[in-house]
Amino acid sequence: MSYTVTPKLINIEDWSEQDVNPWTQDTAKDKIARPNAVNPEYLLIYTSSEVIILDKYGNKVLQKTFDYTINEARINNNGDFIIRSGDTVYIYDINGNLLYQNTYATTINKVDIGLNYAWVSLLNDPRDIYVINLSDFSYTNFTVDLTGNFNYPVRCSETGERAVITSGDTSNPAYVIFMTKDGIEKSVSLGVNGYPTTLKLRPDGVIAFTDPVQSNGPVRVFAVRNDGAKAQLGSISVYKHAAIAVSVNGDKIAFIGANQTTIYKRLLDIDMMEVSDAGTITLPEAIDSVVSPDTCLDMTPDGKYIIAPSGSKIRIIDWGTNTVKKEITKSITYKYYAVLTVEAT
Amino acid sequence: MSVEEKEYEINIPHREAVFCYVTENTSLSREDLDNIKRLLGEKYAMLEQFPLLKVSILWVTEKLTEDELKQLSEKYGFYEP
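Residue numbers (our numbering), protein chains in the order written: chain A, 1 to 345; chain B, 1 to 81.
Incorrect hints may have been included.
[As the list claims (entries may be wrong)] Below are the BS3-like pairs computed for lysine-lysine, each with C-alpha atoms no more than 30 Å apart in a straight line:
{"#": "1", "chain 1": "A", "residue 1": "K64", "chain 2": "B", "residue 2": "K54"}
{"#": "2", "chain 1": "A", "residue 1": "K31", "chain 2": "A", "residue 2": "K240"}
{"#": "3", "chain 1": "B", "residue 1": "K70", "chain 2": "B", "residue 2": "K37"}
{"#": "4", "chain 1": "B", "residue 1": "K43", "chain 2": "B", "residue 2": "K63"}
{"#": "5", "chain 1": "A", "residue 1": "K31", "chain 2": "A", "residue 2": "K313"}
{"#": "6", "chain 1": "A", "residue 1": "K326", "chain 2": "A", "residue 2": "K8"}
{"#": "7", "chain 1": "A", "residue 1": "K326", "chain 2": "A", "residue 2": "K240"}
{"#": "8", "chain 1": "A", "residue 1": "K8", "chain 2": "A", "residue 2": "K313"}
{"#": "9", "chain 1": "A", "residue 1": "K181", "chain 2": "B", "residue 2": "K63"}
{"#": "10", "chain 1": "B", "residue 1": "K43", "chain 2": "A", "residue 2": "K181"}
{"#": "11", "chain 1": "A", "residue 1": "K181", "chain 2": "B", "residue 2": "K37"}
{"#": "12", "chain 1": "A", "residue 1": "K8", "chain 2": "A", "residue 2": "K325"}
{"#": "13", "chain 1": "A", "residue 1": "K304", "chain 2": "A", "residue 2": "K240"}
{"#": "14", "chain 1": "A", "residue 1": "K330", "chain 2": "A", "residue 2": "K304"}
{"#": "15", "chain 1": "A", "residue 1": "K56", "chain 2": "A", "residue 2": "K325"}
{"#": "16", "chain 1": "A", "residue 1": "K64", "chain 2": "B", "residue 2": "K37"}
{"#": "17", "chain 1": "A", "residue 1": "K186", "chain 2": "A", "residue 2": "K230"}
{"#": "18", "chain 1": "B", "residue 1": "K54", "chain 2": "A", "residue 2": "K181"}
Source of the hints: derived by calculation from the structure; they are not laboratory data.
Work out the full structure, taking the sequences as your base and the hints as a guide.
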């Protein structure tokens, strides 16, 4: 089967769209990763054996195949990327040159990469965390006690100086654990049981947004600060995850429950950790939550627009007026997508 | 990403990287890595490869025996720095 990958450049002045540098390939792409950055420069698209990197103008800057199985790939805003494959982590530069490789004693659970540090979480007990300095590939290591046996995400800030990991399950309290390269900075209990599935960070890594999921619902969405302050942003009566979109400043948050049609909007006062209701948006069809809680709802970095794929459309919706500014027709049912903003020149 | 609860075998505790051995071989294959892990068992902590520096570092939890080091030296060029 042949697939066409089509980067689209959308002009938010007149909402015109332009296909840029589309290509055809025989294999559907599995996942898309975007740097956790104020102004993301690259997208990384990967299958189990191939990585493609696009710049924000839709140019393909790297296409590389690998002779091992890719379990996960992440990219930083310099285009350096990290790959997890079983017990081994690989770090490459944007040209595809292998810079560093480490084979651990046990399977790796999750990885992430910032501008200065990469993070590796092993699947052992207690959980080993390795923080790799990208300037000289020295590392620091510490352990974190986590409850449950779940597939906890680890996410780092734009620089990689700080990261968070989550803990908890349906019979144990949910925690958000802030970390620096030297160890645990703060472990914050969310006060409810559940296994957090979605994890977003402000670029400087001070505030995390997450959703502990219980066996019988509801899903609560939290904002948690690295000094221990926390705020509940809302509660959704569903038994699955929530998708969370956050502006760069962390002051605008939109979230929606899996397979739901209502997007909840919240404003967050970061200093006071106070939440105010900014209304709701109703989609004509349920959100495409099957893709991933990481990517089924998105927002432009300035928080002006929400991007929601549902039914046969991807919609760009104005935060202030709830107006649908742009509808992009999807050619297949579930479509992987991510948004990069391009500065006007 | 699947959001269903998953069960994993988490039976390998933290292994402290205490001693290291080096080699200029930075193209160790998957088969080589599996052989090294099998040979060292619980002594194995991790193996870093730095292609640009043309050096690999094997980290272990306790000092290798003469026989273990001899095998690693003959097959992969490891030596005590």
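Hints, verified against the model:
no., hint, result
1, A:K64 to B:K54, "holds, 22 Å"
2, A:K31 to A:K240, "holds, 21 Å"
3, B:K70 to B:K37, "holds, 15 Å"
4, B:K43 to B:K63, "holds, 8 Å"
5, A:K31 to A:K313, "holds, 19 Å"
6, A:K326 to A:K8, "holds, 12 Å"
7, A:K326 to A:K240, "holds, 28 Å"
8, A:K8 to A:K313, "holds, 14 Å"
9, A:K181 to B:K63, "holds, 28 Å"
10, B:K43 to A:K181, "holds, 25 Å"
11, A:K181 to B:K37, "holds, 27 Å"
12, A:K8 to A:K325, "holds, 15 Å"
13, A:K304 to A:K240, "holds, 27 Å"
14, A:K330 to A:K304, "holds, 23 Å"
15, A:K56 to A:K325, "holds, 21 Å"
16, A:K64 to B:K37, "holds, 28 Å"
17, A:K186 to A:K230, "holds, 12 Å"
18, B:K54 to A:K181, "holds, 26 Å"
Comparing the model with each earlier hint shows no violations; every hint is respected.
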